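Chemist: The primary structure of each chain is shown beneath.
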Amino acid sequence: MENNNESHIVPYKTYGIILSVLIVLTLISVAVTRIELASLTVFVAILLAAVKSSFVLIYFMHLKFDNKLLKALVAAVFILIALVMVVTFLDYNYR
Amino acid sequence: MSNQETETTHVSFRDVKSKYKGIFAWIFSTDHKRVGLLYLYSIVSFFVVGVLLGAAMKLELMSPGKTIMDPQAYNAIFTLHGVIMIFLVVVPGLPAVFGNFFLPIMIGAKDVAFPKLNLLSWWVYVVGALVALSALFAGGGPPDTGWTFYAPYSFKTNTNMLPAVLGAFILGFSSILTGINFIVTIHRLRAPGMSWFRLPLFPWTLYGTAWIQILATPIVGITLLMIVGERLFNIGFFDPALGGDPILYQHLFWIYSHPAVYIMILPAMGVISEIIPTFANKSIFGYKAIVISTLAIAFVGYFVWGHHMFTSGMSGTALYTFSFLTFLVAIPSAIKVFNWVGTLHKASIQLEAPFFWAASFLFVFMIGGLSGLALGALATNVHLHDTAFVVAHFHFIVFGGVGFAFMGAIHYWFPKMWGRMYNTRVATTGWIFFFIGFNTLYLPMFFLGIDGMPRRYYDYVERFHGPNIVSTIGSWVMIAGIIIILVNLIRGAKYGPITTNKNPWGGKTLEWEVDSPPTLENFEEIPVIDRSPYDYR
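Going down the list, the sequences are from chains V and A.
First residue of the first sequence? That's 7 in my numbering, and the numbers climb one at a time after it.
First residue of the second sequence? That's 5 in my numbering, and the numbers climb one at a time after it.
Hints in this document: simulated from the structure, not taken from any laboratory.
Since we're looking at a predicted model, the values are computed, not measured.
Even for Gly, the Cβ is constructed at its ideal location relative to N, Cα and C.
Check the hints yourself; a few may be wrong.
SDA-like cross-link-like pairs, simulated, lysine to any residue; straight-line CA separation at most 20 Å [what the hints assert, rightly or not]:
hint: 1; chain 1: A; residue 1: K506; chain 2: A; residue 2: I533
hint: 2; chain 1: V; residue 1: K77; chain 2: A; residue 2: V188
hint: 3; chain 1: A; residue 1: K114; chain 2: A; residue 2: E525
hint: 4; chain 1: V; residue 1: K77; chain 2: A; residue 2: W200
hint: 5; chain 1: V; residue 1: K74; chain 2: A; residue 2: R192
hint: 6; chain 1: V; residue 1: K74; chain 2: A; residue 2: V188
hint: 7; chain 1: V; residue 1: K77; chain 2: A; residue 2: K506
hint: 8; chain 1: V; residue 1: K70; chain 2: A; residue 2: V188
hint: 9; chain 1: V; residue 1: K74; chain 2: A; residue 2: I339
Some chain V residues flagged as far from chain A (calculated, every beta-carbon gap over 12 Å) [claimed, not checked]:
hint: 10; residue: P17
hint: 11; residue: I23
hint: 12; residue: I29
hint: 13; residue: L54
Just chain V, same shape as in the assembly:
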């Protein structure tokens, strides 16, 4: 069915840049814990983790080169998890 068998060679330079970005984001996620963000602490931690995993999905797992259906499915998963969190915080934020 949805065949997309073309090979894509990504230069090492791109992988190197993404690796650097991931390391920087990791350092930021550690550094940010020193700042008092109150109720935004969890949100910021999850946001940084989501950005990092997006880079991994797009570049390391080649989602960039996949067809639209697969991209849409991955996007739907992110939206679903985000909605689950929003609904959970309807409890915690309104107690």
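Use these hints to put chain A onto chain V, whose structure you have.
Modeler: Coordinates of chain A only, in the frame set by chain V:
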């Protein structure tokens, strides 16, 4: 598969020579049909154990006070009954048995996308089951928390929690592996011409289920590990004394466990969507509406978990939201029921055992579904929460829904799976016993619950005695039905008349075009699809 193996066309998959002998030819086989049957035998074995534990509970409840066991034994037995039935029987049930056996055939494929991963999922299932059941035999005694492992009790009880929790954690991986396999199989291995809207409805429901399996199961896995961390290292996720929140456990647990109900019921709906058009000899009414309802149930089903927690102390905003969403998810379920009934309208119906199971599914599923709305409404929930009413509702959906669909599926696909036929008259007799026993067992629990009888108590006040006697007698009638059904199917598989007709019921989906039992790779040539899957009239 090697070329040598493809030459074995017209040889049943059971008779194909393997490099392994005896039982090893089964437990090391990557053939999707053998893996499906391995799951069938494992699941039916655990089902029998679960039924016996349930029967013991009903026997205890036949009269007030101690009847056959003390309170601690009762607590352990309802926990084991729940853990076995949920994690070992109903969650894997239809996808692992009939999904594995029929998904590739129904989409015109030779096997699932990852056959070795498929076999691994069964091995992981067996390991998980053994770890969970080891809780019975190690020191401390079987767990007594109920299958929900609610905090804070689950990290305070002295019973054997760790093996049960770790077993459930391992079983989750089996579920995820099956889900990944099915999604890739449906995306990549559909026969030429089989567009998404020519996909039969059972594979559609497996597709929706598979997404829930891979997205929701990790959450319960992590939650169960948090329980382990809480017990071993006193971290304080859920312990209020350490700054934790026990309600967080309930959120995390039900974020998985409510979608898990849809892991159970969606494939059951798929089976019913296969049986009804075949026995009505009529195209399914509203194919696209059923497909969209399947996806809608899978999606909205993620956001209704809070209805298990209406009395836990959640915020008012969360209460209203979860109640609204719960009513919303009833809509696509009702659409499906209307579609099945619409299919039966002016149909020429064959009254055979699979149809009896499908028709009675509609009956019990409606009772289960509508009683669910009473629990989804905030005001009535406060009265009914943790009463026998919930137990009745749950069993009408999960045992009535999934159990009836499982029985329907095995009677429907039996001639294809074994190439033999069971005694149809005995099959109908078994269904009558089961149906009467089932309703006699669970209907009184609705009235007991409304009257205030709590669940998970081994004792009750005198005024609950009458309905409990009726309920216990119902369990005996239902077990008589199960014995009749099992003996008939086992006899049929061994000694039943060989079916010469590939298509004894007149079905239109692809499994009825292949040999009975199918060959190793199902098809001599991959079929080209140029019609809808329910092309009757």
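Chemist: Work down the list of hints and note, for each, if the structure agrees.
Modeler: Okay, the hints, checked on the actual structure:
1. A/K506 to A/I533: holds, 19 Å
2. V/K77 to A/V188: Roughly 15 Å separates the two Cα atoms, so the pair holds.
3. A/K114 to A/E525: holds, 5 Å
4. V/K77 to A/W200: At roughly 18 Å apart (the allowed maximum being 20 Å), A/W200 and V/K77 satisfy the hint.
5. V/K74 to A/R192: holds, 15 Å
6. V/K74 to A/V188: Answer holds: V/K74 to A/V188 is near 16 Å, not above 20 Å.
7. V/K77 to A/K506: With Cα atoms ~41 Å apart, V/K77 and A/K506 exceed 20 Å; violated.
8. V/K70 to A/V188: The given pair, whose Cα atoms are some 19 Å apart, holds under the 20 Å limit.
9. V/K74 to A/I339: It is violated: about 30 Å lies between the C-alpha atoms, which goes past 20 Å.
10. P17: holds, 29 Å
11. I23: Since the minimum Cβ distance to chain A is about 30 Å, V/I23 lies beyond 12 Å and the statement holds.
12. I29: It holds; V/I29 is separated from chain A by about 25 Å at its closest Cβ, greater than 12 Å.
13. L54: Given that every Cβ of chain A is farther than 12 Å from that of V/L54, nearest at about 19 Å, it holds.
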